[in-house]
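A.B. asks: These are the residues of each chain, in order.
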Amino acid sequence: MCDTCGCNITHGNENFIKPGGKLHKTESGKEAITVLHSLLSENDHTAKHNRDHFDQHQVLSINLMSSPGAGKTALLEATIQQLDKDIKIAVIEGDLETENDAERIRQHGVEAIQISTGSACHLDAHMIHQALHSLDLSKFDIIFIENVGNLVCPASFDLGQHLNVTLLSVPEGDDKPAKYPVMFRKSDLVVISKSDLLPILDDFKPERATRYLHDIASTAPILQLSSKNNQGMPEWLDWINQQILSRKEHLLQHPVATQHHNHGNEHKHEHHHG
Amino acid sequence: MHELAICQSLISQVESIALEHHAKSISLIVIGIGPLSGVEAQLLKNAYPIASAGSVAENTELVIEYLPIKVKCNKCGCESDALPNKLICKQCGDWQTSLVSGDELLLMSVELEKDDIHKDSSTETSIH
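So the sequences go chain by chain: G and B.
Sequential numbering of the first sequence, starting at 549, is according to the working numbering.
Sequential numbering of the second sequence, starting at 5, is according to the working numbering.
Errors might be hidden in some of the hints.
One-sided excerpt, in silico: chain G residues whose CB lies under 10 Å from chain B [as the list claims (entries may be wrong)]:
| # | residue |
| --- | --- |
| 1 | N591 |
| 2 | P725 |
| 3 | R756 |
| 4 | R759 |
| 5 | A765 |
| 6 | W787 |
| 7 | Q791 |
| 8 | H802 |
Capping the alpha-carbon separation at 30 Å, the derived lysine-lysine pairs in DSSO-like fashion look like this [stated by the list, open to error]:
| # | chain 1 | residue 1 | chain 2 | residue 2 |
| --- | --- | --- | --- | --- |
| 9 | B | K28 | G | K734 |
| 10 | G | K734 | B | K74 |
| 11 | B | K94 | G | K753 |
| 12 | G | K633 | G | K776 |
| 13 | B | K79 | G | K578 |
| 14 | G | K596 | G | K636 |
| 15 | B | K28 | G | K753 |
| 16 | G | K727 | B | K28 |
Each pair of labels, with its calculated beta carbon distance range [unchecked claim]:
| # | chain 1 | residue 1 | chain 2 | residue 2 | range |
| --- | --- | --- | --- | --- | --- |
| 17 | G | E647 | B | Q100 | 31 to 37 Å |
| 18 | B | Q100 | G | K636 | 32 to 38 Å |
| 19 | G | S794 | B | Q12 | 32 to 38 Å |
| 20 | G | G721 | B | K76 | 26 to 32 Å |
| 21 | G | R756 | B | K49 | 44 to 50 Å |
| 22 | B | Q95 | G | T758 | 20 to 26 Å |
These are calculated hints, taken from the structure and not from any lab test.
Note that beta-carbon positions come from the ideal geometry of N, C-alpha and C, so glycine has one too.
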């Protein structure tokens, strides 16, 4: 999308609307409407709304994505235990069924909202918006969204997060970035999780994972991390602290509107704040 | 399969457009998909009859334009075609490139059939 005016005309599609282009002609008796809006504009609108909520409360939001079982919840548990206690955390958990992950988080004394998606393979901005109604954002500094374990679908849906972190666990193999480029290209940080298994599963070559990430033009830092033996945890915590500071600096330079809600024209829903 | 959710979003958008333009039906929907959008065109086509059933876009022809991946090299400035998992510069081989196009997921245009009483209204093409 164009950053200046928000239109969706790119080098890839501009030829369609130029005179003589496929979308320029109108058959007689019919009306052709050129739209060029994202197919997910409703979701994107709500995502922006969520981001405004986070920004108004100076809360950093991080979307954690990975395959099922890559260690997202374990990473969150280790983070809760080791992050500076002055930094207040809440977690939004997405799974098809069960409250298991939210329960694990709550056992550490941290507020967790479980979203059960039923058969949906991803979280979307509307689900996060609903979850935010149950969270008092003024109490928190950082919200982790643990997306549904899936390397495909979550990549297409903006939730209103500030940052995407994708976990690539050692047992999965080092070529996942080449197989799932859409998700890995959107990552602001790639965590090679379960790094304690590297000596055993030695066919996973971190340098090969790095090469595959470079092949998809990813400039995201890559961190080897084990929630089990704590390798990489100090660097992970440093990265989080740095991101909280960067977000605060960004908000100082680009203050958000102070009203609680900044509703656009198309935005119609009822809010029930507790 | 997130394509069904995306298809439902598409139907909701074209329904609004049809209502806004007093159309009685939609004869054609053109969408544009880049390979890096994360959406599979065939799955979207399969989901379309389910998502559109009972809507103003039921039985509408769905045309999918495939938009190419293009990257621009941050080093040499060259613009080149690329593959989804090989977004490197074709000219100098550097990996630090920026995506120019290829991640689009766009409703590009719709063709409306209008009620007789609204046929005189503007047929101006609007770009938002």
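A.B. asks: Of the numbered hints stated earlier in the document, which are not met by this structure?
C.D. replies: Hints 3, 6, 7, 8, 9, 13, 15, 16, 17 and 21 contradicted; others consistent.
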